[in-house]
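Those protein sequences? They're chains A, B and C, same order as listed.
Residues 1 to 160 in this note's numbering are what the first sequence lists, from first letter to last.
Residues 1 to 168 in this note's numbering are what the second sequence lists, from first letter to last.
Residues 1 to 408 in this note's numbering are what the third sequence lists, from first letter to last.
Hints are computed from structural coordinates only; laboratory data are not their basis.
Predicted model only: the values in this text are computed from it and were never measured.
Backbone N, C-alpha and C fix where the C-beta goes; we use that ideal spot for every residue, glycine too.
Check each hint, because a few of them may be wrong.
[Said to hold, decoys possible] Keeping only pairs whose Cα atoms sit at most 27 Å apart, straight-line, the calculated BS3-like set for lysine-lysine is:
#1 Lys-91/B <-> Lys-146/A
#2 Lys-85/A <-> Lys-142/A
#3 Lys-22/B <-> Lys-6/B
#4 Lys-328/C <-> Lys-146/A
#5 Lys-127/B <-> Lys-101/B
#6 Lys-142/A <-> Lys-313/C
#7 Lys-113/C <-> Lys-268/C
#8 Lys-44/A <-> Lys-249/C
#9 Lys-21/B <-> Lys-6/B
#10 Lys-328/C <-> Lys-44/A
#11 Lys-142/A <-> Lys-249/C
#12 Lys-91/B <-> Lys-101/B
#13 Lys-127/B <-> Lys-146/A
#14 Lys-102/C <-> Lys-85/A
#15 Lys-313/C <-> Lys-328/C
[Stated by the list, open to error] Pair ranges (Cβ atoms, derived):
#16 Pro-130/B <-> Glu-258/C: 56 to 62 Å
#17 Arg-151/B <-> Tyr-155/A: 24 to 30 Å
#18 Glu-138/C <-> Gln-117/B: 32 to 38 Å
#19 Ala-13/B <-> Glu-138/C: 50 to 56 Å
#20 Ala-78/A <-> Met-142/C: 43 to 49 Å
#21 Thr-69/B <-> Asn-210/C: 53 to 59 Å
#22 Glu-262/C <-> Gly-122/A: 37 to 43 Å
#23 Pro-100/A <-> Glu-18/C: 22 to 28 Å
#24 Thr-69/B <-> Glu-191/C: 38 to 44 Å
#25 Glu-18/C <-> Arg-156/A: 22 to 28 Å
#26 Arg-188/C <-> Val-21/A: 45 to 51 Å
#27 Asn-165/B <-> Glu-18/C: 47 to 53 Å
#28 Val-94/A <-> Glu-262/C: 31 to 37 Å
#29 Pro-22/C <-> Pro-130/B: 43 to 49 Å
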Amino acid sequence: MSAAVFARIHQALAVAAGEPVIAHGILVLQIEPAALASTVRALKEQFGFDMFLDVTAVDWPDRIPRFDVVHHFYSTTAHVRVRLKTRVGIDDPVVDSLVPLYGAARYMERECHEMYGIVFRGNPDLRPLLLYEGFVGHPLRKDYPKQREQPLVPYRDPPQ
Amino acid sequence: MTTTRKPVSERSAAFEYLTTKKDELVGWARKFSLFPYPFVTACCGMEFMSVSSTPYDTDRFGAALPRFTPRQSDLLMVVGTISHKQAPVLKRVYEQMCEPKWVMAFGVCATSGGFYQNYAALPGIDKIIPVDIYIPGCPPRPEMVIDGIMRLQERIAGQRHPIINQDF
Amino acid sequence: MSGPLRELPNPIRPAFTESSVPDSVIVSIGPSHPATHGTIQIIAELSGERVLRTDVHCGYLHRGFEKECEAHTWHTLIPYTDRLNYCSGLINNFAYCEAVEKLMEIQITPRCKYLRTLLTEYSRIADHLTCIAAGLMELGAMTPFLYLMTLRDYIYEHLAALTGARLTYSYGRVGGLACDLPAGWLTRLEEILVQMDTFVDRVHGLLDRNRIFIDRMRDIGVLSTADAINWGFTGPILRSTGAPRDLRKDTPYLAYAELDFEVPVGIKGDNYDRYYVRMRELDESRHMIRQLVEMLEPGPINVDDRRCTLPPKNLVYTEIESLINHFKLIMDGPQVPPGEVYSAQEGPNGELGFYLVSVGGGVPWKVHVRAPSFVHMGGVHLMLDGYQLADVVPTFGSVNMIGGECDR
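Turn these sequences into a full structure, and let the hints guide you.
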């Protein structure tokens, strides 16, 4: 049954999406950043993907464009999931925000922004969420060393 | 301006005997009436809940009544990982406590950062506040926590308790 | 130690600092607050006792889970997964291991499947007990807290007999489990389930029709199904609004397709419904565990695949191939083929998903957790705004925000 759903989705979105891939039970669509908002709107309104699960990014430092922004959606009626992947580069890491469509996008886009530096155009609130004010850099990028600490409270002298 | 204690040659034996007995009495009273401030953040909090309940029960040691305000507590139990974001909060809470106060680092994350050696976790709370007792474990078994409380009580019993001035 | 109180930096930037109506007060609830579990800060604008708007800040327990995972092998990062939703550590282990097994295209053995399902339900019981007990204690009901903590302690000791640890088990392995059940474990399991009947009945008797409890929980923190789905709520919160969505029924995994159980749903989506859905889920979990004990058959618990399963110790000490296999698995980690996978299970809070990216080799390229508590923090303001200040405590308790999962 999920194969039928996936076939319908791909047929409808064939222009925007590239070759569909079914990876471990999830339809994966590779799309251009400019087509993101319209594709998601189609998924939500035509195909019933009413739950926005997750947005994150994957950093490929040796590739141009560098980041893969990955969105996951779930349909509570058809019980299937879809993954959307878009590629953005380091010099223009901007994608459209899904806040107008899903409330859940607010916090998840904030986290993706502070961890990777992806800018979500249209999200009114991109303050740090898991990190703190004054943190410089984007820690989940591969070029951020894991142990570089930025303490807020200066360390005291070691205990005697 | 802080006053210092009189040098040994000027102290009288009778006064010192009185001070020792006073310290024992006050130490006994303080060690059996600890008011913890459970600064609970993470997984160790589950073991803190277990150690406060049956069958491990910290009430036997006098350390059961938590006070969720630093103004009324004397034992700061830092339970769980402290991240760099939480560090100013911890420091503020510590500074708001009145003397005498003791700090317990509950779990390895509070002791040394645990196995989170990265940009986010503070590598041990003794980087920002002085600690009196470290309880290792991830999370520590309740028996280990009770052992830690008992050692802290021994420490409190054996330390000086100046109640009027530096000498007495 | 003495000296002027030094200015400490403020780690957050509040969304609002000015009052929107005359005579309103802006307070900060948390982060070091028992009701917010020590790691959430709620900046609330209050008009008298009414909450006008809130700004929820998480991240005070951010421990860098994803960055740590990129520096460990697929096996050595399992202890980090325990500490995500630490109230139900086994579920995180199994959800992660299942994701890696999908990438490696491994089928677990039947005994492992039934055992994982049994332990998943057992962990779900422990998590719901913790949530209900802590929530009730914050309302002032100390007795149910002590009853449920005693019960939870029996479960912890019982799991310590199996896995070696009370809370952070690290029991799941890619392709199986760490070890099999010790003798007498299932007998003790039945004893605990019988005791659970007694304790849970007492809590029902104390609270279900208690006037004070109903006044504090009914019609407080109401959430509609449409809002819940739009804001990403899953798990007991979504079910309390009336939507019978449960991944164990909708997209069955492990042994759930073979089990007979119901999905309890609420009516209004308020605090009382969330409490009652969790209590009913305790009953369903107990029923499932009893069925699974009947379905357990003797057999191996680890799949016979040298890519991920450690060889038996007697072979490691006598054969060179097993020695090298063991060495490579420990030092380099299981070699996972390149690819990516998103695998989700029904955790006690909702959809717990793992998104793994592998480039081949023993070290992951990316391990991302879709944490239900984090998504719920994005939408909790819907349940807080417009109610009283004192309602923040039971509402927040009924959302069951677990810091390790929310902040990762």
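How the hints compare with the structure:
{"no.": "1", "hint": "Lys-91/B <-> Lys-146/A", "verdict": "25 Å, holds"}
{"no.": "2", "hint": "Lys-85/A <-> Lys-142/A", "verdict": "19 Å, holds"}
{"no.": "3", "hint": "Lys-22/B <-> Lys-6/B", "verdict": "18 Å, holds"}
{"no.": "4", "hint": "Lys-328/C <-> Lys-146/A", "verdict": "25 Å, holds"}
{"no.": "5", "hint": "Lys-127/B <-> Lys-101/B", "verdict": "17 Å, holds"}
{"no.": "6", "hint": "Lys-142/A <-> Lys-313/C", "verdict": "38 Å, violated"}
{"no.": "7", "hint": "Lys-113/C <-> Lys-268/C", "verdict": "36 Å, violated"}
{"no.": "8", "hint": "Lys-44/A <-> Lys-249/C", "verdict": "23 Å, holds"}
{"no.": "9", "hint": "Lys-21/B <-> Lys-6/B", "verdict": "19 Å, holds"}
{"no.": "10", "hint": "Lys-328/C <-> Lys-44/A", "verdict": "46 Å, violated"}
{"no.": "11", "hint": "Lys-142/A <-> Lys-249/C", "verdict": "39 Å, violated"}
{"no.": "12", "hint": "Lys-91/B <-> Lys-101/B", "verdict": "14 Å, holds"}
{"no.": "13", "hint": "Lys-127/B <-> Lys-146/A", "verdict": "19 Å, holds"}
{"no.": "14", "hint": "Lys-102/C <-> Lys-85/A", "verdict": "20 Å, holds"}
{"no.": "15", "hint": "Lys-313/C <-> Lys-328/C", "verdict": "15 Å, holds"}
{"no.": "16", "hint": "Pro-130/B <-> Glu-258/C: 56 to 62 Å", "verdict": "57 Å, holds"}
{"no.": "17", "hint": "Arg-151/B <-> Tyr-155/A: 24 to 30 Å", "verdict": "26 Å, holds"}
{"no.": "18", "hint": "Glu-138/C <-> Gln-117/B: 32 to 38 Å", "verdict": "34 Å, holds"}
{"no.": "19", "hint": "Ala-13/B <-> Glu-138/C: 50 to 56 Å", "verdict": "55 Å, holds"}
{"no.": "20", "hint": "Ala-78/A <-> Met-142/C: 43 to 49 Å", "verdict": "46 Å, holds"}
{"no.": "21", "hint": "Thr-69/B <-> Asn-210/C: 53 to 59 Å", "verdict": "29 Å, violated"}
{"no.": "22", "hint": "Glu-262/C <-> Gly-122/A: 37 to 43 Å", "verdict": "42 Å, holds"}
{"no.": "23", "hint": "Pro-100/A <-> Glu-18/C: 22 to 28 Å", "verdict": "26 Å, holds"}
{"no.": "24", "hint": "Thr-69/B <-> Glu-191/C: 38 to 44 Å", "verdict": "42 Å, holds"}
{"no.": "25", "hint": "Glu-18/C <-> Arg-156/A: 22 to 28 Å", "verdict": "36 Å, violated"}
{"no.": "26", "hint": "Arg-188/C <-> Val-21/A: 45 to 51 Å", "verdict": "47 Å, holds"}
{"no.": "27", "hint": "Asn-165/B <-> Glu-18/C: 47 to 53 Å", "verdict": "48 Å, holds"}
{"no.": "28", "hint": "Val-94/A <-> Glu-262/C: 31 to 37 Å", "verdict": "47 Å, violated"}
{"no.": "29", "hint": "Pro-22/C <-> Pro-130/B: 43 to 49 Å", "verdict": "46 Å, holds"}
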